[in-house]
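Let chain A serve as the given structure and place chain B on it in line with the hints.
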Amino acid sequence: MPQVINTALIENQEKLLAEARNQVARNAFDMKTCLDNNKMMDALKFASNMLGELRTSLLSPKSYYDLYVGISDELQHLEQFLLDEFQKGNKMSDLYELVQYAGNIVPRLYLLVTVGMVYIKSSEGSRKDILKDLVEMCRGVQHPLRGLFLRNYLLQCSRNQLPDTEGSGGKDGSVEDSIQFILQNFAEMNKLWVRMQHQGHTKDKDKREKERLELRILVGTNLVRLSQLEAIDAAVYQKSVLPNLLEQVIKCKDAIAQQYLMECVIQVFPDELHLQTLNLLLPACADLLETVNVKEIIIALIDRLASYAHRADSGGIPSDIKLFEIFSQEVAIVIQSRVEIPLDDVVALYTSLMNLALKCYASRIDYVDKCLCSCMDSFKKKLSSLVEGNSSTGREFQRLMKVPVDLYEDTLTVLKLENYSKAMELFDYNGRKNLALHLVQSIVDKACVISSTEQAEVLFGLLSPLIKDQTDQPKEEPDQEDFSEEQWLMGRLVNLLQADTPDQQFLMLNTARKHFGTGGDSRIKHTLPSVVFAACKLVMAYRSIKDEDERWQMKCERILKFSRETIMVLMKVKPELSMKLFLQAAIVADQVGVETFVYEFVTQALSIYEEDIADSRAKEAAITLMIGSFEQMRSLGQENQENLCTKCAQESSRLLKKPGQCRGVALSAHLFWTGKVCDENGEVTERRDGKRVMECLKKSGRIAKQCMDKQVEVQLLVEVLDSYLLFHEKGNQHITTEFVKQVLSKVKEELGSIEEEEAMKKHFDNTLAHIQAAGNGATYKDVLA
Amino acid sequence: ELLLALLCTGVCYTLAKMSFLGLGQGADIRIELSGLEARKKVDVKMEDGKKEKLPLYFDGESVSGKVHITLKGKKLEHHGIRVEFIGQIEMFYDRGNHHDFLSLVRQLDPPGELTSSTTFNFEFLQVDKPYETYTGTNVRLRYFLRVVIVKRLSDITKELDVAVHTLSSFPDMNNSLKMEVGIEDCLHIEFEYNKSKYSLRDIVIGKIYFLLVRIKIKHMEIAIIRKETTGTPPNIYTENEQIAKYEIMDGAPVRGESIPIRLFLAGYDLSPTMRDINKKFSVRFYLNLVLVDEEERRYFKQQEITLWRKGDPKTARKIIK
Numbered sequence: 001m002p003q004v005i006n007t008a009l010i011e012n013q014e015k016l017l018a019e020a021r022n023q024v025a026r027n028a029f030d031m032k033t034c035l036d037n038n039k040m041m042d043a044l045k046f047a048s049n050m051l052g053e054l055r056t057s058l059l060s061p062k063s064y065y066d067l068y069v070g071i072s073d074e075l076q077h078l079e080q081f082l083l084d085e086f087q088k089g090n091k092m093s094d095l096y097e098l099v100q101y102a103g104n105i106v107p108r109l110y111l112l113v114t115v116g117m118v119y120i121k122s123s124e125g126s127r128k129d130i131l132k133d134l135v136e137m138c139r140g141v142q143h144p145l146r147g148l149f150l151r152n153y154l155l156q157c158s159r160n161q162l163p164d165t166e167g168s169g170g171k172d173g174s175v176e177d178s179i180q181f182i183l184q185n186f187a188e189m190n191k192l193w194v195r196m197q198h199q200g201h202t203k204d205k206d207k208r209e210k211e212r213l214e215l216r217i218l219v220g221t222n223l224v225r226l227s228q229l230e231a232i233d234a235a236v237y238q239k240s241v242l243p244n245l246l247e248q249v250i251k252c253k254d255a256i257a258q259q260y261l262m263e264c265v266i267q268v269f270p271d272e273l274h275l276q277t278l279n280l281l282l283p284a285c286a287d288l289l290e291t292v293n294v295k296e297i298i299i300a301l302i303d304r305l306a307s308y309a310h311r312a313d314s315g316g317i318p319s320d321i322k323l324f325e326i327f328s329q330e331v332a333i334v335i336q337s338r339v340e341i342p343l344d345d346v347v348a349l350y351t352s353l354m355n356l357a358l359k360c361y362a363s364r365i366d367y368v369d370k371c372l373c374s375c376m377d378s379f380k381k382k383l384s385s386l387v388e389g390n391s392s393t394g395r396e397f398q399r400l401m402k403v404p405v406d407l408y409e410d411t412l413t414v415l416k417l418e419n420y421s422k423a424m425e426l427f428d429y430n431g432r433k434n435l436a437l438h439l440v441q442s443i444v445d446k447a448c449v450i451s452s453t454e455q456a457e458v459l460f461g462l463l464s465p466l467i468k469d470q471t472d473q474p475k476e477e478p479d480q481e482d483f484s485e486e487q488w489l490m491g492r493l494v495n496l497l498q499a500d501t502p503d504q505q506f507l508m509l510n511t512a513r514k515h516f517g518t519g520g521d522s523r524i525k526h527t528l529p530s531v532v533f534a535a536c537k538l539v540m541a542y543r544s545i546k547d548e549d550e551r552w553q554m555k556c557e558r559i560l561k562f563s564r565e566t567i568m569v570l571m572k573v574k575p576e577l578s579m580k581l582f583l584q585a586a587i588v589a590d591q592v593g594v595e596t597f598v599y600e601f602v603t604q605a606l607s608i609y610e611e612d613i614a615d616s617r618a619k620e621a622a623i624t625l626m627i628g629s630f631e632q633m634r635s636l637g638q639e640n641q642e643n644l645c646t647k648c649a650q651e652s653s654r655l656l657k658k659p660g661q662c663r664g665v666a667l668s669a670h671l672f673w674t675g676k677v678c679d680e681n682g683e684v685t686e687r688r689d690g691k692r693v694m695e696c697l698k699k700s701g702r703i704a705k706q707c708m709d710k711q712v713e714v715q716l717l718v719e720v721l722d723s724y725l726l727f728h729e730k731g732n733q734h735i736t737t738e739f740v741k742q743v744l745s746k747v748k749e750e751l752g753s754i755e756e757e758e759a760m761k762k763h764f765d766n767t768l769a770h771i772q773a774a775g776n777g778a779t780y781k782d783v784l785a
Numbered sequence: 001e002l003l004l005a006l007l008c009t010g011v012c013y014t015l016a017k018m019s020f021l022g023l024g025q026g027a028d029i030r031i032e033l034s035g036l037e038a039r040k041k042v043d044v045k046m047e048d049g050k051k052e053k054l055p056l057y058f059d060g061e062s063v064s065g066k067v068h069i070t071l072k073g074k075k076l077e078h079h080g081i082r083v084e085f086i087g088q089i090e091m092f093y094d095r096g097n098h099h100d101f102l103s104l105v106r107q108l109d110p111p112g113e114l115t116s117s118t119t120f121n122f123e124f125l126q127v128d129k130p131y132e133t134y135t136g137t138n139v140r141l142r143y144f145l146r147v148v149i150v151k152r153l154s155d156i157t158k159e160l161d162v163a164v165h166t167l168s169s170f171p172d173m174n175n176s177l178k179m180e181v182g183i184e185d186c187l188h189i190e191f192e193y194n195k196s197k198y199s200l201r202d203i204v205i206g207k208i209y210f211l212l213v214r215i216k217i218k219h220m221e222i223a224i225i226r227k228e229t230t231g232t233p234p235n236i237y238t239e240n241e242q243i244a245k246y247e248i249m250d251g252a253p254v255r256g257e258s259i260p261i262r263l264f265l266a267g268y269d270l271s272p273t274m275r276d277i278n279k280k281f282s283v284r285f286y287l288n289l290v291l292v293d294e295e296e297r298r299y300f301k302q303q304e305i306t307l308w309r310k311g312d313p314k315t316a317r318k319i320i321k
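Taken in sequence, the protein lines are chains A and B.
One point on numbering: in the working numbering, the residue at position 109 of the first sequence is 109, and numbering is uninterrupted.
One point on numbering: in the working numbering, the residue at position 275 of the second sequence is 275, and numbering is uninterrupted.
What the hints contain is simulated information worked out from the structure, not anything from laboratory work.
Be careful, since some hints might not be right.
As the list claims (entries may be wrong) - Straight-line distance between alpha carbons at most 27 Å, and here's what the computed DSS-like set of lysine-lysine pairs gives:
(1) A:K699 - A:K761
(2) A:K39 - B:K51
(3) A:K253 - B:K216
(4) B:K207 - B:K301
(5) A:K39 - B:K207
(6) B:K301 - A:K45
(7) A:K39 - B:K53
The model shown is predicted, which means the values in this text are computed figures rather than measured ones.
Isolated chain B (complex conformation):
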């Protein structure tokens, strides 16, 4: 509520400036989502890096609410008032060029004149929301409502972001990941992660088995790396970010040792794996096993894991209704 109020003030300021320049009569727009109190809110990283709590929607859910327009003057002439629900991918290196993969419009008022503050109801029924909200290094995927009062010179607009989570069902195939890697005559290990696909609240369980150790290992850690790929060939940008670092072994093992891994994912800021989202970008996750020797040399092996979001039973029931 407070956030909304703040946004409103910003808009007011713009409008006031416009009035001062004599460019027309102003109005305040406020978007009120229905059932906001009951709706779950989640943290979403915004463009400025700060986190905000946004109401959470799922794929196929309707988005409805009210648009309040408060006049600043006696009347407001316009060429039509509409509300849009937009899903947008934005590349940070190409700001001007947004790509809307979803754009729904409802006309609230035909061109004419408002003489008093008015409230309009709107509803987007069972909207497909194919992707999950995401803010990365180079790319941002957002959903928002936009109210536009079309004017002769410059429109009055108002946006409201919402968060979207995509839920997946249990994967059909979920093999364990098992692999033997090494450097000849130096280090041979076999690692095993119990699954290849993990839900965001899952636990990575596994073990590292040392087949050959000829280096003096100091410690071993496992890192979760997020790899964000944007652009289309040949202009591809890849960003790696270490989300978590977790020490799993202290000291030097000898041949035959088996070191357990247990990593709880719920505590980290993760999202589901996103592959080729609208042909614009991908977000993939890797488990990076790193061994550090006494001379600070690092030996590592990355292994992709698929992350998916499991709906909690409560949410699932609501969607079915």
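So that you can see chain A by itself, here it is in the shape it has in the complex:
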């Protein structure tokens, strides 16, 4: 139902506006015809009729504006004509009197303004007196809407006529006169605008406020005009302009006006002037109505000045203006004087203040700390419980906490803020976790290096919600994907732990280990592997400085021990991963030649393999990995090496599936060929045990033949053939050319017997191509033919 009424009203508006426009068009036409025929009196009469349309009370502000725009366009014709008349020598003073005989005030004043401007341009009268007269006479229109538009017309017409020079300026006046002119117009317009609020029925309040907002630009134009006067310098602004503006703003006691006008003042006047007048501007903020959102006003000002200080072309903040102290005090006053101010606003204020501190006084960490401290105080006063991370206040507060994280070039500067961790403690689990996450993300993104244990301790303290279970965290399981991502970030953080010396690095890793160790099974599987890798890296670091540190080996052993313990913790949670880590650790231990650790790590890996890895595919992969790792080790004695080789070959043949067995055994062959043995003197030699290699390969071939699936069998045979070829080329005497030929022809034969797959054929073709490339084409000619 209200919708229907609304539509009717709109249609009605359109009809009314159309009628008014018709009248305007008709009268404007007659006016112009008379002007063309030089009948001035008649033209004025039609102009007055046309202007009579602006006397209406029926139009909405929007429609009235439309009408006004149309009419003010038409009045330009009149003005142009009058200017021409003046050129012909007609006296403007007579005309200025003549139009004042119009009986109705609205048309009369529009005409008076129009003629007044020509009067000024003709230099016949005193510019200053005419302006003063016009702005004074406009008082006659007390109807808000009509008055606002009339005065807007005055402002619009006088745009280029305002004196803008210093000094007295004679009859033309000076900038002082312009200031008085605009200030008076502004004061009157503001009164009219405010008055709109109090007219009409209470139930239309929303509609009225909407209309007022539509009209605010008319009032604001006064301020824009003031800001365009070039002769206004800081002294004049401070003495004549701002105090008067503020007086009007405060005096009007209207929330909408106060809010808008304060924002206007801040936006239209240059920052340099604001800097000089903070002593006026800020106290005014405290005098605004309770319902005014002072927060936004102060924030707008702070943000402007902060970005001003940041701009390249500005001179920066003069050193005698203690911007931070001034605003800090102001914010405190505002908060104190407004009992009802919501916490959200308090936080927003401090956020802005912090912004200022960071942008203008980047080196003053104490400023930021002070903001945190004050903000916390407000919280303690107003809130007895923890801040909920998901509440609007919580979000505002988090925004504040994120400001230093985001703005400091080195995120770790945050660690120097004494109050940061205290502030974090005010939050509930959600809030703390979000903040911790933001912090670690920022550190990782900016790749900030953590170089001391002390730093690490503080940081881990702040990141505690991500490191270990919290007493107040929710019972239900967190989203696994999010959780993994968070922990993955923590893992990346470990990479940024980079102390200046290896010794310190070890201490730091210990710290990390200590903290992460408390994380529980779900976390350590993400974090501890990073620690192990970091430890491995540290071992290698010691190796690279072995000439400088004679105790390096001992230190390496300590680290390896540390690694071992760390992996042991992981073993129960992530056996497969632990196995890989053991292998990695074994390789590192091997690099620094500590056989005991190598063997320990390797056996740990093997025992995990035996006990904890059940899946056949996982087993295959693990065997492959182990063979690869063992093959490159250089620190094992003959016995240990032999054990490992045999173990690998055995385990391979015990794999569940034939293809796995076949491939595993073939791979084991490498351990007998390039596997390395270290004697008591530290001499390292490759085993080159051709017989054992041959045995492995033969066994592999036999297993292949046991496959029921012909396709699989042939595929495996091609692979075995490859192995034979490889070792033959490497010079294994046990694999003769004849033997290879046999295998080759056998494979060829088998291939012919089945419907070969594309991939398999390609594989075989590659093998043949390899033979040709190795220059052995001739040798196998008869087989290949």
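Okay, now just chain B, sitting in the frame of chain A:
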């Protein structure tokens, strides 16, 4: 000139009728004022409401000219020819009863006989003309010349109206008018007009200051009212006529507003204030401040102002000469 000619035709017609009835020999009378070309003419509302342009005289100025008598027959017997200058107040409700406050006579020709058309010179030296020409609702004050050829049965007469303006010097005292008026707990205003006495080309400047506003005012206007009082007690007739209506405020003011007034008087049809003219009538002027509220109720306050005519420097010099 044309007007005079028209008047003459009227007279001719009357005379012709009289000749036809055999009541005597006729003659045309024409009055010619000296220096008519150079004399200023002003609009004067005549009895029928139409405006005519009449030559303008001031107090103390001589009125002179010629009377042309053109015979229609061979001769004209008469009992004397005279010219009169008369100032007369005429009440419209009492037509028969004119009151002449001024009556000057010059004998042009003793009783006898005119045998040819003749021209007589006349002059009324430095005539006192104490009042201003005026045509109102109930009363008219006029000055005219009348030539009378006295005959045995009915006289031949001819009248010619002239306009008279009375000039005043600057008033010695001219206080501003300032007053606080209102309706208790409803509306209190203070108004101020810059003078109490205005010349006819003056500008009324003033302001209205709102001390208390509890009604929804729609607009405010200022009117000039002419109050014409005629008769003597107990038979007094008063007529109010609104000469001008001028909107000075649109919309509803609030407490503390001050609204400017600037009203140019020159554009309106005004006369000087006339007080107790020859104990017959008065014409007074009032500024009427009217506030209209949203329910079309009118609140008003009348304030008398004195209007006076200021001589322009040119005229003044002429009189002194």
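Cross-check of the supplied hints:
1. A:K699 - A:K761: holds, 24 Å
2. A:K39 - B:K51: holds, 25 Å
3. A:K253 - B:K216: With Cα atoms ~21 Å apart, K253 (chain A) and K216 (chain B) stay inside 27 Å; holds.
4. B:K207 - B:K301: At roughly 14 Å apart (the allowed maximum being 27 Å), K301 (chain B) and K207 (chain B) satisfy the hint.
5. A:K39 - B:K207: violated, 34 Å
6. B:K301 - A:K45: The given pair, whose Cα atoms are some 31 Å apart, is violated under the 27 Å limit.
7. A:K39 - B:K53: holds, 25 Å
Checked against the numbered hints above, the structure breaks hints 5, 6 and satisfies the rest.
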